[in-house]
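Student: Could you build all of it, start to finish, from the sequences and the hints given here?
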Amino acid sequence: MTKNFTRTGGMCPRCEEAGARSPTSTRLGCTTTASRINEGALTIPGYKPGGWNFRLYCASGFFDPDKPIRKYTKTELHDFLHHEPTRMKIAGVNMTYEGLIPRVQKSMLSKDKEAMQPHIRAFVEDAVTFTACPECGGTRLSEAARSSRIKGINIAEACAMQISVLGRVGRRPRRAVGGTAARRAQADP
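Going by my numbering, the sequence shown wraps up at 189, each residue one higher than the last.
If you are wondering where the hints come from, they were derived from the structure by calculation, not from laboratory data. Treat the numbers as computed from the prediction; the structure is a model and nothing was measured. Do not rely on the hints blindly, as some may be mistaken.
Here are the computed distance ranges between Cβ atoms for each label pair [unchecked claim]: (1) R87 <-> G167: 48 to 58 Å; (2) P68 <-> S147: 25 to 35 Å; (3) P118 <-> L77: 26 to 36 Å; (4) D112 <-> P13: 18 to 28 Å; (5) K151 <-> N94: 48 to 58 Å; (6) A115 <-> V169: 49 to 59 Å; (7) R87 <-> D112: 25 to 35 Å; (8) S147 <-> K113: 23 to 33 Å; (9) A156 <-> P68: 42 to 52 Å; (10) K89 <-> P118: 28 to 38 Å; (11) T129 <-> K71: 49 to 59 Å.
C-beta: ideal position from N, C-alpha, C; glycine also.
Tutor: Next comes the structure, spelled out in structure tokens:
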């Protein structure tokens, strides 16, 4: 049912059901004290020197890990930050290389912050500012879903209400369409 709801446009297409957007900043996970990847410029958990993610970026061949990041060409910077997923062999292992920003967004930023390990949550809270999606206002719903109303309330507004308030709204008499005819039909058995 949820899959069908998503396919029919129930969820916001801009934020992809996350409800929040995060900035794609070039400072994401890069320290200012080390300017080269080989000097430890990546401060993202799991991207420290010696790890698989570190080796993947260093051995990709898209840029020089000994070159200061601020001196990368536009192409090198794009490949480092935004490159589309590409299969390659690193140290004899088939891996998928992808720009740093989409990789971190998929592996960390798309996850529920409360379910993250403490060190990853600390990194995310320090490195990223989350704002409500400008299209859905953080509701995660498409325009069609937000414009559907029952008794003047859409599903996002209903979910934000206290249950006692929502219960009172649900008990409000609905304005009858063709009220007189409907009352007559109920009175005449």
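Student: Which hints from the list above does the structure break, by number from lowest to highest?
Tutor: The structure breaks hints 2, 6, 11; every other hint is satisfied.
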